[in-house]
Each structure stands twice: as C-alpha cells, then as structure tokens.
Amino acid sequence: MGMMEKMEELTSTGAREYLTFRLDQEEYGIDILKVQEIRGYEPPTRVANAPDFIKGVVNLRGTIVPIVDMRLKFNCAKAEYDSFTVVIILNLRSRIVGIVVDSVSDVMELPPESLKAAPDIESVIDSGAVMGLGSLGERMLILLDIERLMSAPDMGLSSDE
Amino acid sequence: MSETHQDSGPGGDIDLSQFYQIFFEEAAENLDLMETMLLNLNLETADDEELNGIFRCAHSVKGGAATFGFSDVAELTHKMESLLDRLRRHELQPNSAMVDVLLESADASRSLLARHQSGDTSDAPPTGDLVRRIADLAAGNAAPAPVKAAPPPPPPVAAPKPTAPAVAVGARQLEIKVGPLTHPEQADAISELFRDIPGLGTIKTLNSDRSDFRVFSVETASTDDDLLDLFTFHVAREQIDIRAAAASAAPVAVEDNSHGFFDDAPGAPSAATPAAAPAPAEASAGYGFFDGSPGAPSAAPEPISIDSHVVEAKAGPKAPAKAPGASAAQPEAATIRVAISKVDQLINLVGELVITQAMLAQNSRALDPAVYQQLLTGLADLDRNTRDLQESVMSIRMIPMSIVFSRFPRMLRDLAGKLGKKVDFVTQGEATELDKGLVEKITDPLTHLVRNSCDHGIESPAERLAAGKPETGTITLSASHQGGSIVIEVRDDGKGLSREKILKKARDRGMDVSDQMSDADVWGLIFAPGFSTAEVVTDVSGRGVGMDVVKRNIAALNGTVEVDSAEGFGMRVAVRLPLTLAIMDGMSVGVGEEVYILPLSSVVESFQVKADAVSTVGQGSQLVKVRDEYMPVIELEKVFQVPRFDFDKNSDIMVVVEADGSRVVLLVDELLGQQQVVVKNLESNYRKVPNVSGATILGDGKVALILDTAALVRRSRH
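First to last, the sequence lines map onto chains A and B.
Throughout, our numbering is defined as the position within the first sequence, counted from one, plus 166.
Throughout, our numbering is defined as the position within the second sequence, counted from one, plus 6.
Just so you know, these hints were derived from the structure itself, not from any lab.
All values reported here derive from a predicted model rather than from experimental measurement.
Ideal placement from N, C-alpha and C gives every residue a C-beta, glycine not left out.
Please note that a few of the clues may not be correct.
Residues from chain B shown here face chain A by an in silico Cβ test under 10 Å; the list is partial [said to hold, decoys possible]:
1. Arg470
2. Val528
3. Val601
With a cut-off of at most 20 Å between alpha-carbon atoms, the simulated EDC-like pairs for lysine to aspartate or glutamate come out as follows [said to hold, decoys possible]:
4. B:Lys708 with A:Asp320
5. B:Lys694 with A:Asp248
6. B:Lys694 with A:Asp320
7. B:Lys644 with A:Asp286
8. A:Lys244 with A:Glu203
9. B:Lys708 with A:Asp248
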C-alpha cells in the first residue's frame, strides 16, 4: 500500500478514536476499536522457542492469549515489569493478542487534518505498519496499523509462515 | 375463531415453524409482563403509560399468534386488546373485574400456547366464556358475567369454542366487496380462508355486477379489522369494502349456524353440543358443583356454564383430564437446537468452574480436617457436583455414531457396483456417542478405511467362490465404548493382508525389514507414507496416499490405529479415540519452575533414575535401560529450554511414554499429580508450538502446556 492510499484510508474513515500508549519516550496510537480491554501485567507462561518479545501465554478467562512485549519488539532501552506495566488486549480480526506497554495515556479523537503521512525512515517498525503521524500540539503520535503489525510473519504469532 | 393450527398458514411456502419457538418465548414473556403490570395496576390512578404497556403486551401476542395461525390465541388476545384499547383511551374506567378477567385470559392464553407448542391436538381449553366476558366489559357492561361469581379452578373455563358468538359481539351479516382487481380470482382465496379457518364464519359468493369485482355475503363474529387483516394476505386493503348487510340475521339463527359450524371444526368437542333445550339445567348443575367444591376440578365433569345461548356439555371425564394435564405438562420439546457456540461457551464456563474447584481443593488440602470438617465436606460435594455437571455438559456435545455410519451404505453400494463386487454392509453400535468435533474429524479416515476394505479387502465374486467363501463379502463397521475411549472397527471378510507381499513391497521400496518381524510390525508397514499393496491402482484407492494420512489424522485426535489380519480370512482395523477432545486425563510434571502436562493415556510408568542407568551413544543421544529394553531419553529441560534458577534441583524422574508404537523416556524434575484438564487450543490465538499439542489452565489460573508425546517420540527417532 502506498503512502497516499494509506493516508486516504486514514482520512476517508473520518476522525477515529485512538488509544494512546507510551513505549519509553515515544507515544503511539492504535485504533480504539481493536482494543478489547486493558489489564495489569501478570507473568505469562513461557513458551519454548519463541522470540524474546513473545513473553508467553496467559489465561484470559479461559482463553489462551499470547503476550507480546512491544518494548522488546521495538528495541526499547529497558523493559521493566512493575505495577504500572500494562497489557492491552487486542481483538484483531481472527485472534486475541495482548501487548505489553509502559503505560496507557489516553483515548483521543484525531481529526483528519491533524494526521500527517510518515516520512520514509529507517526504523525497527515495518514502515507499512505506521499509518501516519498525528500531531497534538507539541506531541507526536505514531499511529500504528496494529492489525498489520501483529500479523506480520516476523511477529511469529501465526502458524503459517 | 376456533383453534386451527395447520402447518401451512397463508404463507404456505415458508416454513414458519422455525420461528415458532421465538414466538412462544416472546409470547410467554409478554404474558408474564402483562400479568405483572396488571397486578401492579392501581385502578384509581392507572396512568396511560401502564395501560399502554399492558395493551402493547396483548397486542404483541395477538400479532404473533395471528401470524402463526394460532387463531384461538389471537382471538382471545384480540378481545383483551379491544378492552385494553378502550381503557387506555379512557372510554372505560378500569375495575377489578376487568383485571380479573384479563388475568384469567392471560392464563388461558398461556395454556393455549402451551398446547400449540406441544403439538397437542386434543380439545382446546375453551375460551369462549372469557371472550364473552371481556366483550361484556368492553361494551361497558359494568355487571360482571354471572360465572364471575364462581372463579373457575385452574384449568381455564370450559366453554364453547372460542368464537362462541356472545350476544355482544354476535355474528354479523356483512357484504364484502373486493375490487377492482385485474385478477378477480385472487379474491376467491378469501372464500378459501373461510373454509380453512374454522370459526371464522361462512361466506357466500354473490353475483357481481362488474367482472373486476367480487362480492361476498359473509356471516362472521370477527371484527372488520380482523377480516381485513386476514384478507390482506390475498388482496390489498384498499380494495376491500366491508359493509353491514342489509338485514342482520336473528341472533338465534346465528347461534345455530355457528354451532353447526363448530361441530365440523377440527378438534371440536367429540361429544356434540347438545340441543339448546337442556342448557339451563346443565348450567345450573354446573354452578352447583362450582359453589360446592371449587377446589376439586378433576373429580367432576368439566364445569360449565354460561347463558342459555351457549352451552357446552363436553364429555365429562375427558375434558378435566386434559385440562390439568395441559397445565402440568409444560411445553417440552424432545430436542432443542442450540448453536454449537453456546454449547462450547457452556463447556468453557464449566471448564472454568472445574479449575476453580480444583484450586479450592488444592488450597484446602492443608486444612485440619477436624477443625474445618464442614468446609471440607462442602468442598467434597462441590467436587462431585462439578464433575457431574461437567459430564452432563460434555454429553451435550455427544452425538451418535449413526450420523457417521449412515453415509456408508450408499457409498459402498456405488463403490461395489463400480468394482463389480458384492458387498453386504453391517453396522453395529450406531448409538455409541462421540464428541461432535471428533465425529467430524473421524469421518474422512473412516471413509478411507471402508473404501480400502471394499477395494483391497473384498475379493471379486469369482475369487470368493473359488476360495470357498460366499459370493457376497461383508464389511462390518462397529463402534463401542471401552473405558474412556471409543473403539471404531472396520472389519471385512476379504483376503486380508499378505505378509509376503507387504515385506516384498517394503524391500522394493528400500525399507529395512526382515522376515523375523512380528505380524503387528509388518501390518504397521502399511501406514508408511506411499505404501500400497494394491496390484492395480484404481481410482478408488491404491495410489498409496492413504493409510499414512489415516494414521496421522487419527493420531492428531489423540487416537491410535491397530491392524489385525489373517490372510484369506479378512482384516480388522480398529481405531481407538478418546471420547472427547475437550477434556483429557493429564499428569502434571514439573521441570524447573515450570509445569507441563502429559496425556495420561500415553504414560506407561515412571521411576526414579539411578545415575548409572543412563548411557550415552555417540556423545549425544542418551539411552536408559528399563527392564532389558533400551529407550531414548528426552530431557524436557533441554527441549523446552527451561531456565534453571535452582541448581540444586535436577531432573531425576523418568516417565516412560508411549506413542506411535514406540516408547521414550522423558526426564523431569518431579511428578506433581494427575488431574483432568480442559484442553485449550493454543493455535486459536497463537501458533503451533513444536512438541506441544495444546494448553490448559491450572488450579492457580496459570497456563500449562500439554506435551505432544507423539511429536516427542518422533523427535527421538531423528
């Protein structure tokens, strides 16, 4: 998908609500409709032979849900687990995944005009997974296509490689 | 209208029955709601909202009943609606008599609905009296009907058929003009309505002065609105013109007429309505009985009553027996259709309950039985009850094997015809139940086995005769429970497996075989990929894609396949499967800080290892000698890269597991116990994990992985 189309998709759907969260110093936003719930972090059951950012699986009321630590995935300097660490449970098209973030800040509505296309930059994030940048005064919000990010083969979340 | 529940309503093509259940549920809700509201109704200060609410309930029930053709209910609720309509428009002041009669009507509607729901075609509890009383009240007649004085016992008042034309709403003579119509034949359907719906009235087609108009003379007790509602199924409302006929018939005449009609109605009381003459006597007798023993309805002939116009003399013993029966026998369908997702959710919840229960049991273990006797007894009860509950819930998913078996006769017939063979197909144990999920997955492997039997097993008629066997071969498919598993066997009396052929074929394929192999091992060769001993590759089987797939599919279901054969006499393939995929007996083992679950079915034995028992081969693979047999050792710690924090502990317990016919020894730290575990799919949200078949939730809410012993065994081979 070209950058223009991505922006189009972003803006054509009108102002959406985003859940914003922090990873280290960066602020990210994901479509609120993909978020099922937010929970505290509890140590998951480790799964052998998984990449380090997959912390393991937890029991979410009877469902086995994998937990991805976004800080490890995005190579953050530190990934500590304390009482402030939060897990965002995402309900993606076909699966439920939990992501570990430093903190959840806000739910905000972004008008289309405040969205900017992300320039092509070298980053650990697959550039296709960045939908755009939202400017909120001084702050910059990185809007993630979390669905795309989570279904990417390098996430190792699905069996079909 | 009399009761008419024919299965084809006006929309004959559409199967309405699928909506019946919804209607019954809704109607029951509405009636309950109405009852509550009636009971709470303050007669002096009844406000519009309350009255409107009650009206809406009656209206909804009526609408539904009319749509589904439960005309008796529709009739009754329609009358209720008329009364309520006048109340809400403040044309009448609500009084307790009205509430009483409305409550009774709600009861009567319930029992009528129950009858429809249960498909009971016997006499309907008559509602004519209620209808008449409502009509009286609706007409502004303050004085309650005489029967009111003696409220009838639970079974609704017996009375003539619902449409009993009470004087107040007596039958009317109408002239109905329909048109202009491009197809006047459409209007003829209206005549059919009168024929099909007992109690609606009578209709006569009159000559029309215009060809695009039809004119009918109608005699009915129904209101114009009702008629219009009915007719609009066939012609547009605007095209119908209803007018009172010039001269209304005398009420008495109408009465006779209607009675004549009722007698013909399906389900009309078998004891014909007696002549009007004995009526008063009957009626007073009824009252006498009522006054005397209102509480003993079943003892006496159906009480009844009313005025001299309308008399019901139902066959005594029959009606009372029916009426209480109808209220006692709650509408009960033999089966219900439920979305599988609901059942799965229920199973999930029960699974959670089992986990909670296990947690409680675990936490209470340390308690002093002397002090906490009651608590512990309660927990023991909880344990038993959750187990029972789990079993019952699991049984919902069970479906009989006949579902699978039923597809084979046809398939075999076609197949045998194609191959020029004669085959009898015998099934045994069709009633054996199996988890629905398993049934779906076992069908294909079974199909393959049955085809194989027919193609490779059964000989041609000529060969069979030559071998001294009956011309017709037999393939038997049987299912039975054996312990916690189900065993499905495919047997045939064909030529069986040939040891020599299999060995030769194996050698041709470069497999390492010897003549000394045991029969079981030889038969096992047919499960090797690409192995087929069929001499001719047919379009049925013989391409060698097959038995290995069968075996793999069955192993994926935690099942096993056994083959037994006698050359010249036939062969038997037995598939052994767990009863359900959702619950498994597991053994929990500890490795480092982690807990893993082994399927108990594959655990053979466990023992403490002696340091000198393990020997290595080629600096890598470890072997352990268990009673004269060397088995490969798999260290779970290594396979699962278990981090070790406590170096004092190490794996010194060996668990022998068997899968795919071979055994390996798993090295673990400790054995934690045996428990039933609810098997959860890891792949629904995650991915396939090597050597892990699934996950479960432990007593403390943590996830534990279930080991795939077959994969571990395979791993040891490479």
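Hints, verified against the model:
no. : hint                   : verdict
1   : Arg470                 : violated (48 Å)
2   : Val528                 : violated (36 Å)
3   : Val601                 : holds (8 Å)
4   : B:Lys708 with A:Asp320 : violated (27 Å)
5   : B:Lys694 with A:Asp248 : violated (30 Å)
6   : B:Lys694 with A:Asp320 : holds (15 Å)
7   : B:Lys644 with A:Asp286 : violated (43 Å)
8   : A:Lys244 with A:Glu203 : violated (24 Å)
9   : B:Lys708 with A:Asp248 : holds (19 Å)
When held up to the earlier numbered hints, the structure conflicts with 1, 2, 4, 5, 7 and 8 and fits the remainder.
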